[in-house]
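Asks: Given chain A, put chain B in place with the hints provided.
Residue strings, one per chain:
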Amino acid sequence: MNALELHGVSKRFGAVQALNDVSFELGAREFLVVLGPTGAGKTTLLRTVAGLETPDSGVLRLGGVDVAQRAPAERDVALVFQNFSLYPSKTVRENLAFPLLAPGRRLAAAEVEERVRWAAQLLRIERLLERPARQLSGGEMQRVAIGRAIVRRPRLFLMDEPLTNLDAKLREELRVELRELARRLETPVLWVTHDAAEALSMADRVAVLSHGRILQLDTPRTVYLRPASPLVARQLGSPPMNLIEVRRDEAGWRLPNGELCAAAASDAPREALLGFRPEHVRLDGGASEALVELVEHLGPQQVVVLRWGGASVHAAVPSNVEVAVHQRVRPSVAAEHCLVWRRTTIQP
Amino acid sequence: MSFLQLEKLRKVWPGGAVAVNGVDLAVARGEFVVLLGPSGCGKTTTLRMIAGLESSSSGTIRLDGRDITRLPASERDIGMVFQFYALYPHLTVAENIAFPLECAGVPRAERLALARSLAERLELTALLDRRPRALSGGDQQRVALARAMARKPAVWLMDEPLGTLDSARRAEMCDFLRAQQLEHRVATVYVTHDQDEAMRLADRIVVMSAGEILQVGPPQEVYDEPAGLFVARFVGSPGMNLLEARAAGRALELAGSRAALDIARDVAPGNVVLGVRPEYVRLAASGVLTGRVVLDAFMGSHRYVHVETPAGRVVALASVDAPSAHGEEVGLEFDLRGVRLFDPASGRRIV
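Chains as they are written, first to last, in this note's numbering: chain A, -12 to 335; chain B, 15 to 365.
The shape of chain A in the complex, shown without the other chains:
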């Protein structure tokens, strides 16, 4: 059975349509990431599932049951926020135990202790148990905040950009750890973020959200390699997909100033928006010249910014390829790596 189902859920705040006819299902053990920029409606979505917001319309089911009339506490979901909400003067142990001591839970003291130890072990914070929360680093605080969510053994985790306020290195480590943890707990996760790398690397499926509407929901591979629209394409990948206005003639796709860029199918539109990923641009084998404007070394690869046919094009090539600023190269893109959108479908 699906852990969560939304059918046509909408929510408006004054003039802002925060959620616009949102429908999706979250599988029993699925890790679903909602990706979108600030203001896309991600947090409203989580708050609606948690019961902190009431949708204007639509149906929301948890474990197959309509929860419209259920208070947040009755929904058995755990929400983890971006700013780790802990009791600063309480110890880590007390913070972890707190959700289990709520009236109505009636857990035996031994059970509470057992769960606290279990969570501390999973999150590798056992040595911090007696320390007051205010003495912890950001990364440690977020581990404890997640610990507070898992001790309850909820049916569903709702994660609101839990890694955003952490240092990049910690973010990268916790990404891996939390993904593995979710698998071990066999509990479904609805995770929202604005970070495309986080979405791609963690998700079973990614939902791309914009202005309260889901633009595409699919596996990371499909969303990345076959984005449904230029708007989706632009949100994924670092650097993002090249999107260039081109014209087609017998020879192929022509860049704004007429240089040839790639082969085109004969039934393709005359004018189009051409999309191709930086890693699919080669720096040789092409029919026209481009100028290297910028080279950024990123370790395993280098990102090269090209001025090509009147357009700015990003290429990502292995770091052993010799390339320098002001050099002239003849870039090429294989036709199979090109996505074509009619110009009329261009969205802001």
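These are computed hints drawn from the structure, not numbers from a lab. One or more of the hints may lead you astray.
So these bits of chain B aren't anywhere near chain A, every CB distance computed over 10 Å [to be verified]:
1. 17
2. 19
3. 73
4. 77
5. 79
6. 119
7. 128
8. 131
9. 233
10. 281
11. 313
12. 315
Per label pair, the in silico range of CB-to-CB distance [what the hints assert, rightly or not]:
13. 297/A - 140/B: 44 to 52 Å
14. 94/A - 31/B: 36 to 44 Å
15. 213/A - 72/B: 57 to 65 Å
16. 0/A - 26/B: 47 to 55 Å
We put the CB at the ideal spot given by N, CA and C, even for glycine.
Replies: For chain B alone, coordinates are given in the frame of chain A:
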């Protein structure tokens, strides 16, 4: 001669905690230097001492040959960009960007033209007549960046100026900053905890930890030839794989390994740490190590396969073909060109 020079710069807080412990650094005219390190490593304190916002406990700061260590901030000819922007609420975006030029006595028409051209490059043109409170946090941040870049001081100091931006915007801003810096060649010291940003922007990266500089060098050099274990782990996303091993002549033995790795050079016998970046690890039917796949992280242009082996966790970079199944047993091969050795006691690179 170097343009900005820090000599034995130290900062000790009133309680006795040492924030910056004897930093020596020379920045050339027009150079882009990035101070990279985790929270609390002393990078921001170093920057604030250069700006004159924090006094130094000892040491010297020279700018263009002149000792500025005790000079007030306003007399240093330094432009500063912070993570937390402060725009003038009563001025429009255009006026905010042009403000530093107004203070410098640039005529109105000229400064507004410059503001417009900066706004254009940052895609802020549509917002020029708005006031800050009508903007999103990210847009305010970009306006602050444009304002800081309107003036061309002797030095730009930037403290995580992209910290609050969405990841997509951040890459764009990196390109903008780098292009501006290349065009105007203003010496820049930039602070970040994000190694990706550091790699993108820097002429040279300065890796800091616990108030000290661990390594200084061009991005690719710091990445390829880390001076020690901390740099190996911190630079690169994910960092370098680090595995405990035993050296015996030319052979390296890894825990649980089927075969010793021939490293084609002699190393003093004893315990070593083998370091190898994910792009030098290949998934193979068999290999020097075997293990189980615990995570297959799709990254778009490639994937990182995390493998649990008897010698520890190893991450391999793989192409975007069929994903590995969770729990699948795989072999790992190391490309010797990417193998680095470290002394486990000192943490330093063994050359």
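Asks: Give me the numbers of the hints this structure contradicts, sorted from smallest to largest.
Replies: Hints 9, 11, 12, 13 contradicted; others consistent.
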